[in-house]
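Add 11 to the 1-based position in the sequence shown for this note's numbering, that's all there is to it.
The set of hints was computed from the structure by calculation and includes no laboratory data. Take these hints with a grain of salt, some might be off.
[To be verified] Pair by pair, the computed Cβ-Cβ distance ranges are: (1) Glu118 x Ser66: 22 to 30 Å; (2) Gly59 x Glu97: 19 to 27 Å; (3) Met58 x Ile96: 19 to 27 Å; (4) Arg121 x His41: 34 to 42 Å; (5) Glu32 x Lys114: 33 to 41 Å.
Remember, it's a predicted structure, so these values are computed and weren't measured experimentally. The beta-carbon is built from N, C-alpha and C at its ideal position, and this holds for glycine as well.
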Amino acid sequence: MIKINLSIFYQRQKEYKKSEEILKYLISKHPKNASLYFRLGLLYKDMGRYEAAISEWIRATELAPHIINPYEELGNIYISRMKDIEKGKYYYQKSIEMAPKAKRVVEDLRWVIQDLEAHR
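The task is simple: from the sequences and hints, build the whole structure.
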């Protein structure tokens, strides 16, 4: 837990390399911990490494398909950075299936649907 907090501290200080080193070390020790892959994805997103972020979040969903956060982040990044509305919509829908009362996800999906309709 201390190392994760240290990684987050470095990330907030924009010392990305130090944060990445800690997370990769933790992943080497705990390769089945989905939360570590999720955190690494967040770091890569902050670094502008969107493809790498996507890979880490997909890995997190493979390890823990019941956790909603990676699906939300995938929806966000596919729409906002990759400009792939259909994939973004897919991941938002996965989030809603997992937590149908999650208002934030429902609002995000509503925005996606409106955007899709506006561009047809």
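Now for the hints, and whether the structure bears them out:
| no. | hint | verdict |
| --- | --- | --- |
| 1 | Glu118 x Ser66: 22 to 30 Å | 27 Å, holds |
| 2 | Gly59 x Glu97: 19 to 27 Å | 23 Å, holds |
| 3 | Met58 x Ile96: 19 to 27 Å | 24 Å, holds |
| 4 | Arg121 x His41: 34 to 42 Å | 37 Å, holds |
| 5 | Glu32 x Lys114: 33 to 41 Å | 37 Å, holds |
Consistency note: the structure conflicts with none of the earlier hints.
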